[in-house]
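Engineer: Sequence:
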Amino acid sequence: MLTILQERKLDQAFGHLDVDRDGAIEWEDWIALATRITSAFGQSPTTPRGAEVVSAFEQLWQALLANLDLDGDRRIDPVEWREGMAGAFIDSPDGYLANFRPAARAVFHLADTDGDGTLRPAEFHALQRAFGTADAAIDAAFQRLDSDGSGELTVDELVVAAEEYYRGADPDAPGNWLWGPV
Numbered sequence: 001m002l003t004i005l006q007e008r009k010l011d012q013a014f015g016h017l018d019v020d021r022d023g024a025i026e027w028e029d030w031i032a033l034a035t036r037i038t039s040a041f042g043q044s045p046t047t048p049r050g051a052e053v054v055s056a057f058e059q060l061w062q063a064l065l066a067n068l069d070l071d072g073d074r075r076i077d078p079v080e081w082r083e084g085m086a087g088a089f090i091d092s093p094d095g096y097l098a099n100f101r102p103a104a105r106a107v108f109h110l111a112d113t114d115g116d117g118t119l120r121p122a123e124f125h126a127l128q129r130a131f132g133t134a135d136a137a138i139d140a141a142f143q144r145l146d147s148d149g150s151g152e153l154t155v156d157e158l159v160v161a162a163e164e165y166y167r168g169a170d171p172d173a174p175g176n177w178l179w180g181p182v
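Numbering (full-length UniProt numbering) for the sequence shown: 1 to 182.
These are calculated hints, taken from the structure and not from any lab test. Mixed in with the good hints there might be a few duds.
[What the hints assert, rightly or not] Label-pair restraints from in silico Cβ distances:
hint	residue 1	residue 2	range
1	ASP114	GLY72	18 to 26 angstroms
2	TRP27	ASP170	30 to 38 angstroms
3	ASP170	SER92	15 to 23 angstroms
Backbone N, C-alpha and C define an ideal beta-carbon position, used for all residues, glycine too.
Turn these sequences into a full structure, and let the hints guide you.
Structural biologist: This is the structure:
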């Protein structure tokens, strides 16, 4: 059973993933988001780093369809999203680790433009803007996620934050701030 916090986070994530805002997540939303993300970092879906993101997104999309598309229409509506995410990915660490983690790692690796294993504020801002996050929320997210005050976020810290965001129920977890305030 989802907590209220988990429901709010899933609703927020759904808003980022429903790129065309038609009330459902479809393949077109998924590939549009991948293209927006790769473009934000000067890549295309066919460059090696862009292709890594697209490949991870394709794998995740297939897992989402298999686990969340209850009526088989190749669209994931908000009810399917919440119910399916709870059963297949939140309550099942294996489902999350096999499908969401590779996509998160690919996206954060792409955003690490200089390859040093960290995202600085400018890289984090570009990534967040690609997901459609408001600037004020981006600043708040970075501050919360940068728990040691170093001025940068490691790719590994962000991968953990993504898991906290999607699977966690702890209201004090830094990962809740991945996409700004919930």
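Engineer: Would you pick out the hints that fail for this structure and give their numbers low to high?
Structural biologist: Checked against the structure, the only hint that fails is number 1, while the rest are satisfied.
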